[in-house]
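**Q** Need the complex rebuilt from these two chains, each delivered in its own frame; the hints are there to steer you.
Respectively, the protein sequence lines represent chains A and B. Using this note's numbering, the first residue of the first sequence is number 631, and each one after it goes up by one. Using this note's numbering, the first residue of the second sequence is number 1344, and each one after it goes up by one.
Hints listed in this document are in silico derivations from the structure and should not be mistaken for laboratory results. There could be a bad hint or two in this list.
Stretch by stretch, here's where chain B covers chain A in the computed footprint (C-beta under 8 Å, at least three residues) [what the hints assert, rightly or not]: (1) 648-659; (2) 664-671; (3) 827-841; (4) 896-909.
Note that beta-carbon positions come from the ideal geometry of N, C-alpha and C, so glycine has one too.
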Amino acid sequence: MEKQDIATIRAIIARGKRWDVIFAIVGILFLAVGLLTVLALVTNMALEGAGRLSLDFFTSFPSRRAAQAGILSAWVGSLLVMIVTAFAAVPIGVAAGVYLEEYAKRNWVTDIIEINISNLAGVPSIVYGLLALGIFVYQFGLGQSILTAGLTLALLILPIVIVSTREAIRAIPGLIREGSMALGATKWQTCRYHILPYSLPGIMTGVIIGMARAIGETAPIITIGALTFIAFLPPIPGVDPGAGPFDWLTSPFTVMPIQIFNWTSRPEAAFQENAGAAGLILVGMTLAMNGLAIWLRYRLRRNLKW
Amino acid sequence: MTANAPLATRTSNRLAHNPMRHWGERLIEGALFCCAALSVLTTLGIVYILVKESIVFFSQVSIVDFLTDTQWTPLFDDAHYGIMVLISGTLVSSTVALCVAIPMGTVIAIYLSEFATPRVREMAKPILELLGGIPTIVFGYFALLVVTPLLQKVFPELPGFSLLSAGLVMGIMIIPYVASLSEDAMRAVPMHLREGGYAMGSTRLQCSLKVVVPAAFSGLAAAYILGISRAVGETMILAVAAGMQPNLTFNPMEPAATITSFIVQVALGDLPHGSIGYQTIFAAGLTLMLITLFFNIVGIWLRRKYRENY
Chain A
631 MEKQDIATIR AIIARGKRWD VIFAIVGILF LAVGLLTVLA LVTNMALEGA GRLSLDFFTS
691 FPSRRAAQAG ILSAWVGSLL VMIVTAFAAV PIGVAAGVYL EEYAKRNWVT DIIEINISNL
751 AGVPSIVYGL LALGIFVYQF GLGQSILTAG LTLALLILPI VIVSTREAIR AIPGLIREGS
811 MALGATKWQT CRYHILPYSL PGIMTGVIIG MARAIGETAP IITIGALTFI AFLPPIPGVD
871 PGAGPFDWLT SPFTVMPIQI FNWTSRPEAA FQENAGAAGL ILVGMTLAMN GLAIWLRYRL
931 RRNLKW
Chain B
1344 MTANAPLATR TSNRLAHNPM RHWGERLIEG ALFCCAALSV LTTLGIVYIL VKESIVFFSQ
1404 VSIVDFLTDT QWTPLFDDAH YGIMVLISGT LVSSTVALCV AIPMGTVIAI YLSEFATPRV
1464 REMAKPILEL LGGIPTIVFG YFALLVVTPL LQKVFPELPG FSLLSAGLVM GIMIIPYVAS
1524 LSEDAMRAVP MHLREGGYAM GSTRLQCSLK VVVPAAFSGL AAAYILGISR AVGETMILAV
1584 AAGMQPNLTF NPMEPAATIT SFIVQVALGD LPHGSIGYQT IFAAGLTLML ITLFFNIVGI
1644 WLRRKYRENY
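Looking at chain B on its own, in the form it has when it is part of the complex (with noise of 0.2 Å):
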């Protein structure tokens, strides 16, 4: 009895409510929250800073000249800061950039979704997995020494730095973004509605591109909205292939700065903080986040209004 008590205690104290035990899980859990808040300090502090620096940027630039100018000299002396001028070298490169990712991607997408047997499946898709790995600065080398002496065979009067031979390097690496998330939103469409187009007699190639692409739609939209993100935010194949003058134009054929590449121009330069230069980089990094941010609440909205429920 008297050996039994002292365990009795032991034990009842053990299990007893431990007020310390109770803190230190709690501040694990605090500990953790702070981890994952994390992610939305990140987002404020981009917001801030973006927003911090274009204000007083702007508060030397007219907004109406910004956007109207079709010069874009910031680190003139007749300094003109005309947008639209960097925003056209985006989007020129952009496109060429899509037309090769999109098309190329979707016809994989549904290849390797419908039509490969599973190992082609299982191979392929590690191998587009490494092709999205490679850094971009390679891929600008590439575009730069490889792409652009290939292209002037066929074009001679192409320059040494083009937003062409950019932009299909840019495709090509958009490729696996594209196909690898289209090929996971037609995997999602449920097998009965193949069955029902089989049931109805149409081919392999019918039933992919009249049930399942609909049917994948939303899917398909966010993978794109995914590519035209990284197509506008890419940088250093732009950077090395072409060129970096400020030049509005909608040829692929010419030279010319993007946004992104005009950041990294002034970056590679020596800008005193705190001078108009330096605040230019933060009014470019800002536009380019409207840009990204406009395509995205597009591919919001495409979602929701193609959400297919089963």
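Isolated chain A, as found in the complex (with noise of 0.2 Å):
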């Protein structure tokens, strides 16, 4: 009898653990699963695209015929794009950032801004599109323009740039604010030489996430009617002659994603290895960025004792 029973429970926690290799091996599958898509995407562009990548390719404008196009002025509009882009969204996210865990006080205008900031993170990036469709282009008249898709961009990556910075912020020891105030800094000054300082290598993670998000998305720029076919370059000051500093900003323009989808969309295979090798090279630099941004997130975790 009492043999039985113990029988029994041995048999259940048997079962009980098979069911856990089981889960174990499932999670590890799915994991996989995961890890496998990537690989092949990366592999499946390398063999379609290996054979365009050359040094012709890069220097060369879109064409008709296949052999011949390039993404000359797909990187350099992409380039372009991520500078506005950088210039806009780091110091006006950094600055929000600094405001919400510096300076705000506890009311219902701060609850206001929080809740906006976590909703915009999950507003889809094509209505971004259409928001600097209507606005930027034609109410403030700025047209398709390099400035109108890095302002856009910015706007996107906004709440990545100020959520990471006000986590960073978090991380700081409220004993560096009181010793900085001690010695009789304004608020301000205990921002600009100690909070921005210590928390930069956070800011940072969040700023080249944000790039790395900002280079891929397509959405928004088709929206505001970036072309696809684009022979020339902006006028860069210092190539071009009687190019004024400012005027690229103003430029119509492409960038990689949308040279990709270009050649995605076409049905002959010739352009598709375009976009093979396109895409590789794009991957490459998102999975950069990001690597990069998970690197200095871990070596800032490991080096940091306060």
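**A** As structure tokens, this is what we get:
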């Protein structure tokens, strides 16, 4: 009787443990699906596009003949748009983060701003495109320019920059603020000489993740009406004679993701090779940026001891 | 004494209440506040532009037609504006995506939070993050040129564009968001609840499913809602791999347009500012915002209802 009971209990335990193992295997399997997707994606693009990767690919304009087409206007466009985005999103995002952590009083205005920022992070990116089309392009008359695209992407990544700035600032202990203020520093001097320098690595992490997101965004840029076929470069000061220092801001442009979209939607296989090569470059860039951010955060977590 | 006097004056002057310094501080605080308030302005701008253009749109198209018509041909001479057509595409593709993302994301989260060793977790989380950082246009390329041909080997009748392959890839894209938020929620469950479970003799899996998951339910709901918003708002995968022809269908094996891919399609063409075609994309955008808003409200309600306080 007792022996039987023990045997039953053992059987129940064994069955429970078997399910544990099965579940763990399923978990690892699902994780592997994610990893394998990345691998399959990168390998496929590498196989498709490897033949097209050469210096000419970077220095040629898009062309009606696939074998001669390149991504010159696309990568220059992406670079210029990113410059505008960084110049707009970083100062505003960091300032907003500093305000919310260091200055804001607990009242309904602050509550509204906070709820609003977390809601904005969930707004589909194409809606930002509609906002930019209606307000930047037509209301402000900025046109379908690099400036419009840069500002649109800046609005899109602002929540990411604000949230990471706040997290970085929150990790700084109050002792630092008290020490600074005890020496007679004003609130702004405390922020300027203590809070900002110490939170810089954390802020950088957020900025890099935000920029990696911005560089791959396609939908909002298509919505503002960026052209898909651009066979010229914006007037870059110093390179083009007679280009004013800010003329490039109002120039039409294309960016890497739009070039990929354009090539992917063509039926000819030759253009899809181009899409593969350009996609490989874009994925390489975003993976490198995200990898840098993850590494930075890892270093930070290990080295930081208050 | 004479040497000390100016010093004393100088010191007291420097320490005296300095209105200029005060002003500088106020000015900086004001500027910082403006930066923070810009986010509210963004929201107001979105609502303003969507509502403003939609009002013009609905002055020409009746809301009843908009909601009940079964055809969506806004750019034809015989124009029909039945948003149901686009909503069906959005719902089908999102359902396919969530059927992939929610089970897989949850299992991965349970595995990472309850089963995996810290070493595995430290390695898996960055990988998931990298997966989430891949541009969606690249996922679209992958769906069209890799996943669709693969699926066609299983289902030979599958067309070259389909909601199924776009939805599947979209699901994989959303896994990292669901998994990482769910894992955070489960790790926030206090240890003593698990210890209680183990003390009652439960196995790891029983403890995960019957103690940790219910305790973390409000966090899981938030993760799922974020996944839904991502799926509904996703654009490029669908624009590339699902085809862009409007099609009122609930069959994932067919090509169809979604709200988002319609906006892309119109934006790619050259529509004059102020035309009815231009306004349709704002009406479509407003519909999209209302759908995401609806799910967010459901999310807030779920969080309130199932919030656990320890």
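**Q** All hints are to be evaluated individually against the structure, with a verdict given for each.
**A** Tested hints:
Residues of the segment 648-659 of chain A lying with their CB closer than 8 Å to a CB of chain B number 7, which satisfies the three-residue condition for coverage. Coverage of a stretch by a chain is defined here by at least three residues with a beta carbon nearer than 8 Å to that chain's beta carbons; for the segment 664-671 of chain A and chain B the count is 6, and the condition holds. Check on the segment 827-841 of chain A: 1 of its residues sit with their Cβ under 8 Å from a Cβ of chain B, so the three-residue criterion for coverage is violated. Figure legend: the segment 896-909 of chain A, annotated as covered by chain B; annotation consistent (4 residues with Cβ-Cβ distances under 8 Å, at least 3 required).
Checked against the numbered hints listed earlier, the structure breaks hint 3 alone; every other hint is satisfied.
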